[in-house]
Amino acid sequence: MNPRSYFQRFFLRNGRTLGTFILVAVAFWIFIMILMPQIFMVDFSFRHALPPAKVGGAEDVYTLEHYQYAVYGSAKAEGEYNTVDLKVFGRTLLAAIFVTLFDLALCYPIAYYLAQVASGGWGRLMVLSLIVPFWVNEILRAFAFRIMFGTTGVINSALMATGVLDEPYDFIREDWALYAGLGYAFILLMIFPLYNAIESLDKNQIEAARDMGASWLRIHFRVVVPFAKPGISSGCTMVFMLTAGALAAPQILGGPSSLWFTQIVFQWFNQGNNWNRGSAYALILLASTIVMVLIAMRIFKVKLGETIR
Amino acid sequence: MSADVQLDGVWIKFGDFVAARDVNIQIKEGEFFSFLGPSGCGKTTLLRAVSGFLEPSDGTVRIGGDDMAGIGPNKRPTALIFQNLALFPLMTVWENIAFALEVRGVRRAERRKKAEELLELIALPGQGDKMCHELSGGQRQRVAIARALCAEPDVLLLDEPLSALDLKLRQHMRTELRAIQQRVGITFIYITHDQGEALTMSDHVAVMREGIIEQVADGSTLYDRPETAFVASFVGENNLFRGRVAEVTGEQAVVDTNVGPIRARMATHEGEAQLKPHEEAFVFVRPESLKFVNGGEFDNAIQAQIHQQEFEGNLWQVFLDVANSDKRIKMSLVNDGRSLGHETGSDVTIGFKAELAVALPQGPLAAE
Ligand SMILES: Nc1ncnc2c1ncn2[C@@H]1O[C@H](COP(=O)(O)OP(=O)(O)O)[C@@H](O)[C@H]1O
Ligand SMILES: [Mg+2]
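Just so you know, the protein sequences line up as chains W and S, in that order. Just add 293 to the spot in the first sequence (first one is 1) and you have the numbering used here. Just add 65 to the spot in the second sequence (first one is 1) and you have the numbering used here.
Accuracy of the hints is not assured; some may be wrong.
Unchecked claim - Computed Cβ-Cβ distance ranges for the label pairs, DEER-style:
| no. | chain 1 | residue 1 | chain 2 | residue 2 | range |
| --- | --- | --- | --- | --- | --- |
| 1 | W | Ile323 | S | Gly80 | 51 to 57 Å |
| 2 | S | His198 | W | Leu399 | 32 to 38 Å |
| 3 | W | Gly383 | S | Ala134 | 54 to 60 Å |
| 4 | W | Val319 | S | Gly80 | 20 to 26 Å |
| 5 | W | Gly383 | S | Asp194 | 41 to 47 Å |
| 6 | S | Asp194 | W | Ile323 | 52 to 58 Å |
| 7 | W | Trp509 | S | Gly191 | 33 to 39 Å |
| 8 | W | Phe300 | S | Thr265 | 56 to 62 Å |
| 9 | W | Leu399 | S | Ala174 | 37 to 43 Å |
| 10 | W | Val410 | S | Leu234 | 34 to 40 Å |
| 11 | W | Phe324 | S | Leu234 | 54 to 60 Å |
| 12 | W | Arg384 | S | Gly80 | 51 to 57 Å |
| 13 | S | His198 | W | Tyr365 | 52 to 58 Å |
| 14 | W | Arg384 | S | Ala229 | 54 to 60 Å |
Keep in mind the hints are simulated off the structure, nothing from the lab. The model shown is predicted, which means the values in this text are computed figures rather than measured ones. Every residue gets a Cβ at the ideal spot worked out from N, C-alpha and C, and that includes glycine.
Isolated chain W (complex conformation) (with noise of 0.2 Å):
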């Protein structure tokens, strides 16, 4: 169709009125709430930090600066790398891929569970309880993370009234609250879109693979995961980005020694008061995370497309 005539039938549909209203509104959501901020960034990270006085002044020209510290670290050490900062970020991407897995891994049972075996009311009991405790705001429930995982919190107690441990468990030093709260987080953006998939699926494909003596886990990989794939793809998606773009659950959680890379962006723009540099580091995050999630799309043959289905 083109563009001419698709016009004229959208005015046709929702009249002038409404339609020049349609149109103004998702024209100012694209450019003043998800371009402007962004390209903003774009055009910060490309300057020096200069002290307001100078801002637009001669020395106010572009450069790689922000992104060479992020590489190199200062200028001075030539040769060297910023192994600071770039293990943070390796550990970043790695932990969140890690988080993605295991979501994955606890999710997939629950939205089958929900989306094929419970039926009814059992089963919209179900989801409610999972949505409640997010109606919690996040930095509460990180904090509520870190009591239960504080070395006199309920799970040291447990542990070492049942006689597990002898001594309590530094979780949070070991960072293992900090991975418990990330992969809690952002769970429900996992279990949904594989509830939405799985639900779809026809619950005669299942008993048709089993009618022909199937396994279990021949049925999961060979009828469900395939046909589960788009919901797969955009529950792990969303998981992965946010988890690496998680700020509230490692500051909070995080051990003394650890830092997310979100963690370094925040300092840059919040301590540092240096808003250029932390626009650098905050976009080679998001690229890094767009990039890794493509490849990941390209090694599973999934299209974009089907992931926003």
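Chain S with the ligands: place on chain W using the hints.
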């Protein structure tokens, strides 16, 4: 290999709801057996009990003489063809067909070969690399059959497999199914609400109503010798007269009805006559058993006026209003090239022989 199937005193309950009530059926090996009944009478439920997706609340299911209690659907020698086919949409046609072999760990080349053989059998040679959605409804139907046959079951279970097809294809597939069954020689258990399908394909048909087996017989027996009012009203068309038995003589009874006394053959069940004098009864007469009385010999005669005549090519359908009653009856006459000889609105006498009318105890009737 083929196996017989035996249902002994099978009850299936969902809470208080009884979906199958004391079902006793013997299905011989290698036969084409159908369950026929209106939608919701429990056919699918019974089939699921045979395939193992459901355990009967009571009674036993035997396949090849073995009690199937506690044996899951993946371990039974049955293959089920689902009402909606349930082909795997993300596999090619040949992968669908060979799925049962994949499950058994058969090598790919061998699976492919077997799939091609089955594609040959269902007249779709060389179509193995297509996806299922690229096939027509009838072709998908046949792929589902091939997929089930590939498991080499002793018993093939078919749940209204033709209901999604259009009329022409449905009639073609009846012949096809019957031919496939004769070629592979295994037991087919077929479920349908379409009496045409059941009567044309089956060796034996069990007529079901609300979880009860009303009668098990071959097609012509069901049509000519129904044992219950439900079977008489469900299978084929029938004119129904209500009345009370006036007298019983040998195998015949005279029933006083609102169109006068009718002499009819008494239905028997296991050799026993089912009616006694003064009992309430139904008399059923098929439209094709009625004739115009032109001096011939008839046991029964009814005065009526022709209400309407419909020409159907091979048949004349004549609707008649019985004199002195509000009863309307239907008569079917073979078109022998001559005109009917009677005008619409004219008064006629119609007659029928006693052995072509059947008297039955009153009971539930099939919904119109
Ligand atoms: N799992 C179930 N729980 C409760 N009732 C059921 C269940 N399965 C079937 N029924 C009921 O059993 C009856 C027979 O169903 P079904 O065997 O599907 O009929 P048919 O195949 O003859 O159309 C229906 O009234 C249906 O509502
Ligand atoms: Mg059914």
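Hints, verified against the model:
no.	hint	result
1	Ile323(W) to Gly80(S): 51 to 57 Å	holds, 54 Å
2	His198(S) to Leu399(W): 32 to 38 Å	holds, 33 Å
3	Gly383(W) to Ala134(S): 54 to 60 Å	holds, 58 Å
4	Val319(W) to Gly80(S): 20 to 26 Å	violated, 52 Å
5	Gly383(W) to Asp194(S): 41 to 47 Å	holds, 44 Å
6	Asp194(S) to Ile323(W): 52 to 58 Å	violated, 43 Å
7	Trp509(W) to Gly191(S): 33 to 39 Å	holds, 34 Å
8	Phe300(W) to Thr265(S): 56 to 62 Å	holds, 58 Å
9	Leu399(W) to Ala174(S): 37 to 43 Å	holds, 39 Å
10	Val410(W) to Leu234(S): 34 to 40 Å	holds, 36 Å
11	Phe324(W) to Leu234(S): 54 to 60 Å	holds, 55 Å
12	Arg384(W) to Gly80(S): 51 to 57 Å	holds, 56 Å
13	His198(S) to Tyr365(W): 52 to 58 Å	holds, 54 Å
14	Arg384(W) to Ala229(S): 54 to 60 Å	holds, 56 Å
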